[in-house]
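Undergrad: Heads up: the protein sequence lines correspond to chains E and D, in order. Following the working numbering, the numbering of the first sequence begins with 1 at its first residue and continues without gaps. Following the working numbering, the numbering of the second sequence begins with 1001 at its first residue and continues without gaps.
Hints in this document: simulated from the structure, not taken from any laboratory. These numbers were taken from a predicted model, which means no experiment stands behind them. Check each hint, because a few of them may be wrong.
Stated by the list, open to error - Cut-off 27 Å, straight-line C-alpha distance, at most; resulting in silico cross-link-like pairs (DSSO-like, lysine-lysine):
hint, chain 1, residue 1, chain 2, residue 2
1, D, Lys1136, E, Lys17
2, D, Lys1040, D, Lys1194
3, D, Lys1054, E, Lys162
4, D, Lys1040, E, Lys162
5, E, Lys420, D, Lys1136
6, E, Lys191, E, Lys17
7, E, Lys364, E, Lys397
8, E, Lys163, D, Lys1194
9, E, Lys245, D, Lys1035
10, D, Lys1040, E, Lys4
11, D, Lys1040, E, Lys92
12, E, Lys163, E, Lys17
13, E, Lys162, D, Lys1194
14, E, Lys162, E, Lys397
15, D, Lys1035, E, Lys9
16, E, Lys420, D, Lys1006
17, D, Lys1136, D, Lys1003
To be verified - If you anchor each label on the Cβ, the simulated ranges turn out as follows:
hint, chain 1, residue 1, chain 2, residue 2, range
18, D, Thr1146, E, Gly318, 27 to 33 Å
19, D, Ser1183, E, Glu269, 48 to 54 Å
20, D, Gln1002, E, Leu466, 56 to 62 Å
21, E, Thr371, D, Gly1175, 56 to 62 Å
22, D, Arg1193, E, Ser242, 48 to 54 Å
To be verified - Quick partial rundown of chain E residues pointing at chain D, CB under 7 Å, derived from the structure:
hint, residue
23, Thr23
24, Pro39
25, Phe433
Note that the Cβ used here is the ideal one computed from N, Cα and C, for glycine as well.
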Amino acid sequence: MNAKTLYEKVWQSHVVKEYDDGTSLLYIDRHLVQEVSSPQAFAGLIEQNRPLARPSAHISVADHAVPTRDRHLPLAEGLASRQVARLIENCKHFGIDYIEMTDDRHGIVHVIGPELGFTLPGATLVCGDSHTSTHGAFGTIAFGIGASECECVFATQTLRQKKQKTMRVTLNGALQSGVAVKDIILALIAKIGTNGGVGYAIEYAGAAIATLSMEARMTLCNMSIEAGSRVGMVAPDETTFSYLKGRPLAPTGNAWDAAIAHWRSLPSEPDAVFDREVELDVATLSPHVSWGTNPGETSPVSDHVPDPASESDPVRRGKIERSLAYMDLKAGMPLEDIRIDHVFIGSCTNGRLEDMRIAASVLKGRRVAPTVTAIAVPGSASVRLQAEAEGLDLIFKEAGFEWRASGCSMCVAMNDDRLKPGERCASTSNRNFEGRQGQGGRTHLMSPAMAAAAAIAGHLIDVRKLGSTN
Amino acid sequence: MQKFTKITSVAAALREADVDTDVIFPARFLLLLDKAGLGKHLFHERRNARGGGKTDFVLNTAPFDKAEILVAGSNFGSGSSREQAVWALTDFGIRCVIAPSFGEIFYSNCFKNGALPLVIEGDAHERVMLAAESGKPLTVDLEAQTVVLPDGEGIGFEIDPYRRRTLMLGLDEIGSILADDASEIAAFEAGHRKDQPWLFLDDGRLERLFSGTRSS
Ligand code: SF4
């Protein structure tokens, strides 16, 4: 009886108090601060003359609006420059450590948190960004919050929250070669829907999880929010511990031993009951691409663009019609016939070293199609430097990719990397919303291997058809 | 925070599911630093024609350009955590969004800004949508937990009691946590530090990591 899940254990160990209305005051261990969601939160603190509850709980970096070419201040774009300057000013004023754009530890919040060992199992971690779910890969309760909640964490180190229901997603079988964890998460979102996870904290479990690297687990947890779940978690195990050991902010010595002992107690009990169970056989999965304007509008690349006429539900039909109109696609056309203008490899979903390695292995000895502009944007400076040490940057450049400095870049198009109206992009990011990569731009989501293959072919293509060059 | 008790207004009808926060408030306007004045960018791409000028989007069309209520399809406000989506809605004058379901972060952001996201599903949602399309005013009464349609039909709704109280009183949540819970937070923190000391970085590790790059 009362066997607890991973989520319930971490939750329980952070409850400051329970109110009689069913909400709890949850203690927040860590907070990542970026330029976009913080100015109004800091302004609120200043207006009310409230100090930070615990300055050492926060680290800060500018990632969304930063250029990936010239990083010298002041930035070329006035508004971005002003926003980054404001962040630096606020960090100085409140005593928060800020990582410069030119620092070797710079990167997207969700890439550098784990790299620095700031993200730890059993902790609560928040950020004014919905993809904070990424950090759940470590067995962390990590979730995105709005600016007002950031202000609350700054001032009180707590948030008043309602406990989520729990959902276990069991991944059975092993992935075939050429198929990636991105395909798992896209297939899952297509299956349960973009609001299938609303109200739930997801735990990913099953045989497939044990074999996944931390990078792959982060990709999985990252896109939990695209299924509607603020929280996606994986139980910590030996893979987690060996990733964290020796990271700059990870515990050391006796503290490390004590931490490991605690972290080993976190996995869900075998007889713990989840509010909802979902199973996915990953052995039969093939590479997926999105065709519409939300991540649930996704199909295996061997499929065709869906025909709204065969959809009986009028609301669904209307949505498909709208998506096809925006995406300028014809019902019934093979997905592999979709020609692209741009390729973007990067983002907090797929901008890690493993992603760069996989993309490079596809690009090696090949050339980007002449009609395609392709950029690779490492998720962090550390990813970039390690990739360069391995010579991956040369493979990208020889293939015809531009090799950039770290940031969100064309995932969100808040800097100068963006699509023009009508342009179409094969992207390793997480959102294919209207205008996400630039006003009027069209996005197809896919794995790094699939994006690299699309760059070469000039159209969407099953990466497995390219065969091997080496 | 502005209180929310009862509003009567025409309602703008947006018959569309999965209206995400990028559609509500495009990312390029996130570079603005203030909460105020964001209403002009609300649904920017839908309201502004590519070549200039206004579209016939519902919020451009009288009387709905003055609507305080928006009725939308399921999963409204899915996607990013940007609170700008709520600030833009409230700045435009919309204080209540009625939909069968919402993106979770958007939903909780509403309550921090005196806005009410109202979950109404199924046939009742369709009746509210039709009422909105009729252009006649509806009433949203948070105290009575009822939406009153132009024909007098009342549709009851459920809402978390804490959130309802926050809106009705216009509570400053941070202020009340600081006033009421500070000693419990301090006590919890002391125990937590004992249990999981590695979660606290005030032992100089942060300083060492950032020595040389520290901005102060
Ligand atoms: S890479 Fe994209 S999804 Fe990730 S934090 Fe940046 S903007 Fe958000």
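Undergrad: Confirm or reject each hint.
TA: Against the structure, the hints come out as follows:
1. D:Lys1136 - E:Lys17: Not OK: D:Lys1136 and E:Lys17 at ~46 Å, beyond 27 Å, violated.
2. D:Lys1040 - D:Lys1194: violated (50 Å)
3. D:Lys1054 - E:Lys162: violated (42 Å)
4. D:Lys1040 - E:Lys162: violated (33 Å)
5. E:Lys420 - D:Lys1136: violated (40 Å)
6. E:Lys191 - E:Lys17: Violated, because 37 Å separates the two Cα atoms, which is more than 27 Å.
7. E:Lys364 - E:Lys397: holds (10 Å)
8. E:Lys163 - D:Lys1194: With Cα atoms ~24 Å apart, E:Lys163 and D:Lys1194 stay inside 27 Å; holds.
9. E:Lys245 - D:Lys1035: Violated: E:Lys245 and D:Lys1035 sit about 42 Å apart, past 27 Å.
10. D:Lys1040 - E:Lys4: violated (48 Å)
11. D:Lys1040 - E:Lys92: violated (32 Å)
12. E:Lys163 - E:Lys17: Holds - the C-alpha atoms of E:Lys17 and E:Lys163 are around 13 Å apart, at most 27 Å.
13. E:Lys162 - D:Lys1194: Distance of about 26 Å is within 27 Å: holds.
14. E:Lys162 - E:Lys397: Not OK: E:Lys162 and E:Lys397 at ~49 Å, beyond 27 Å, violated.
15. D:Lys1035 - E:Lys9: This hinted pair is violated, its Cα atoms lying about 37 Å apart.
16. E:Lys420 - D:Lys1006: violated (44 Å)
17. D:Lys1136 - D:Lys1003: Roughly 24 Å between the alpha carbons, so the hint for D:Lys1136 and D:Lys1003 holds.
18. D:Thr1146 - E:Gly318: 27 to 33 Å: Check passed, 29 Å falls within 27 to 33 Å.
19. D:Ser1183 - E:Glu269: 48 to 54 Å: violated (34 Å)
20. D:Gln1002 - E:Leu466: 56 to 62 Å: holds (58 Å)
21. E:Thr371 - D:Gly1175: 56 to 62 Å: holds (58 Å)
22. D:Arg1193 - E:Ser242: 48 to 54 Å: violated (27 Å)
23. Thr23: At 5 Å from the nearest chain D Cβ, E:Thr23 passes the 7 Å test, so the hint holds.
24. Pro39: OK, holds: E:Pro39 within 7 Å of chain D, min 5 Å.
25. Phe433: holds (4 Å)
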